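Chemist: Sequence:
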Amino acid sequence: MRSHSRDCFLRVVILELSCQYEYGNYSTNKGLNRICGQALCQGDASSAACEGCVSNASQEIMNLCTAEDALIWYELCQVRYSFQDFFSKMVYTGKYPDSDYREKLASDPARFYTYLMYLMKNISNEAAYVNTTQMFAMGKINKSVSQTIYGLVQCTRDMSDKDCDSCLDSALADLRACCYTQEGGMVVSRTCNVSYELYHFFNGSTTSTLSYPACTGDKWKKGMIGLVIGVLGLLLAVLARSCALYFNRRKEKQDSSTFRPGKKPRALLNDLTNPVQVEITEEGNLVSSEELPFMDVATLKAATDDFSSSKKLGQGGFGTVYKGLLSDGKEVAVKRLSRKSWQGLEEFKNEVILIAKLQHRNLVKLLGCSIEGDEKLLVYKFMPTKASISTSSVNSYSDKREQLDWCTYVSIIDGIARGLVYLHEDSRLRIIHRDLKPSNVLLDHEMVAKISDFGMARIFCENQSSANTRRVVGTYGYMAPEYAMGGLFSVKSDVFSFSVILLEIISGKRSSKFYLTEHAQTLLAYAWKLWTQGRELELVDPSLAKSGSTAEIVRCIHIGLLCVQEDPGDRPTMSEIVTLLGGQKGTPPEPKKPAFSVGRLVQELNQSSATNLSVNQMIVSSILPR
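Numbering (the UniProt record's numbering), first residue to last: 1 to 626.
Think of the hints as simulated: they come from the structure by calculation, not from any bench.
On a predicted model such as this, the values are computed, not experimentally measured, just so you know.
We treat Cβ as the ideally placed atom computed from N, Cα and C, and that holds for glycine.
Incorrect hints may appear among the rest.
Keeping only pairs whose Cα atoms sit at most 25 angstroms apart, straight-line, the calculated SDA-like set for lysine to any residue is [unchecked claim]:
(1) LYS140 / LEU210
(2) LYS312 / LEU236
(3) LYS365 / CYS243
(4) LYS592 / THR66
(5) LYS312 / ASP328
Have a look at the derived ranges for each label pair, beta carbon to beta carbon [as the list claims (entries may be wrong)]:
(6) GLU75 / SER146: 21 to 29 angstroms
(7) LYS330 / ALA237: 48 to 56 angstroms
(8) SER208 / SER160: 21 to 29 angstroms
Let's have the full structure, built from the sequences with the hints guiding it.
Modeler: Given below as structure tokens:
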């Protein structure tokens, strides 16, 4: 039904654009079957070329796409449709041709790049803030007597000037990453496109001709030599100053193991001071507070045998976790964040801000932290079982899995759900975890589930329901597609991740290991396939089937599929899930088609999106190079 509505709608888009020329936003009624569509032609395209391109693109997208959100690019136009409103929303997801489509390498790449970026930034500013009607600009710059660089930029016209500028800025960053040493390149996205060549590839005659403000020829070379000498001199001076500071600070540390009070807070970690009253000195040392106990680095080094590899419990993206024994006999887990990583520092701030405020049976307890110079340490309550559900509950070949019965698994599932209810609804802060996966759910000696690792978590305002980000972080396979593909996250993103874990526990299979097996594309696709065929019990791990109630296991599969429905609005909240798990709400509603989880292929698509069809059925991107 939706496919038929979409096809009819796209035919209307073609007719409407032939009247409006170049650009149009269209939508049907505001009911459940509302469709939004957008067609954009390159600003220099003729009316006939524009109409023909949109007609071909619309036909192609109807033939290729079955998803409810799709976008296709041609040389002169792009066409997009969605069953959700996307107008005036800037979510940057840049794409460029893969490694099979490569231009010739430019001569003198460093100088070429300087001229290219000067051109592209100038015409980007023109498109965003000068030509605000079309949000389109073309330009050229003479790199030498025999070589001219031509550039073109464009935004969809529903963007604000600031969003257009932001999108183009992100696209130029991708252009630098993929193409800047080549004689031609392009980056396309949902809301803006940029491209350049060494030939006149566009049709417009009103082209901005720019002159680079630097010298040319021998003067340019002399200027560059002078600049290099100046920069080298500055670097040597900075290096000498840094060495002097280093040895002075080292001497001070040898003289005294304590920091001097009265220093101003270090600006780099100033965000910590407001929520938990943490003071950090100029040297980077952390001052203790009642709310967040401070442990000095020397104590934690002694507790972990100087972070011995024999004490290592595990390693994540931002650091390593060690087992420690304090002088009072208390066992702790010490997370040592990457010493030189800015992202590690951001994760440290985030985790201290959040966990210091949170207290719940199903959340890991932060006992203290420490920061001295480059050392950033978080201290947690130690879990004697040394187990996370990634090793105990999901791995069907684990000895521990054979020892656990269905009742224990139900308790683990319920614990994760209640921990998320606390984060989403009951805590002083409304928190989205954003990286819920088996390795981030620990089990204590009583097999109580404890959600851990809040480095990626985000705080929501009281009335806030969702947010967008350009920096998508998390683990593929557990990320909700609307977050992985579009940067949109909400409590329903965590609901999706919870469901993947639930189905992993029931099946005894890891989502990451299941990808593109002979059964189906993903674990979620396999579960949906069995459910629609009435064969859902085939999903259940044999060891669970022996100890659990068939009706209760099927109910959990049912709940799991409700949590991964394509529309986030259809997914239940975590409090509703707790009620459903307890069997207090009768028969759950029938689940709709799931948004199949995003696996490794999506990461490849984000890096090179010249493929015609996406395996996850979420979005189709086709780039046809000129």
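Chemist: A separate judgement is required for each hint: does it hold in the structure or not?
Modeler: Hint check:
1. In summary, the hint linking LYS140 to LEU210 is supported, as the alpha carbons are separated by about 6 angstroms, within the 25 angstroms threshold.
2. The suggested pairing of LYS312 with LEU236 is violated, with an alpha-carbon distance near 40 angstroms, which exceeds 25 angstroms.
3. Straight-line distance between C-alpha atoms of LYS365 and CYS243 comes to about 40 angstroms, which puts the hinted pair past the 25 angstroms bound.
4. For the hint pairing LYS592 with THR66, the CA-to-CA distance comes to about 16 angstroms; that is within 25 angstroms, so the pair holds.
5. For the hint linking LYS312 to ASP328, the alpha-carbon distance of about 21 angstroms falls within 25 angstroms, and the restraint holds.
6. Distance hint check: the CB atoms of GLU75 and SER146 are about 27 angstroms apart, consistent with the given range 21 to 29 angstroms.
7. The hint said 48 to 56 angstroms for the Cβ distance between LYS330 and ALA237, and at roughly 49 angstroms that hint holds.
8. For the hinted restraint 21 to 29 angstroms between SER208 and SER160, the CB-CB distance of approximately 22 angstroms keeps it satisfied.
Checked against the numbered hints listed earlier, the structure breaks hints 2 and 3; every other hint is satisfied.
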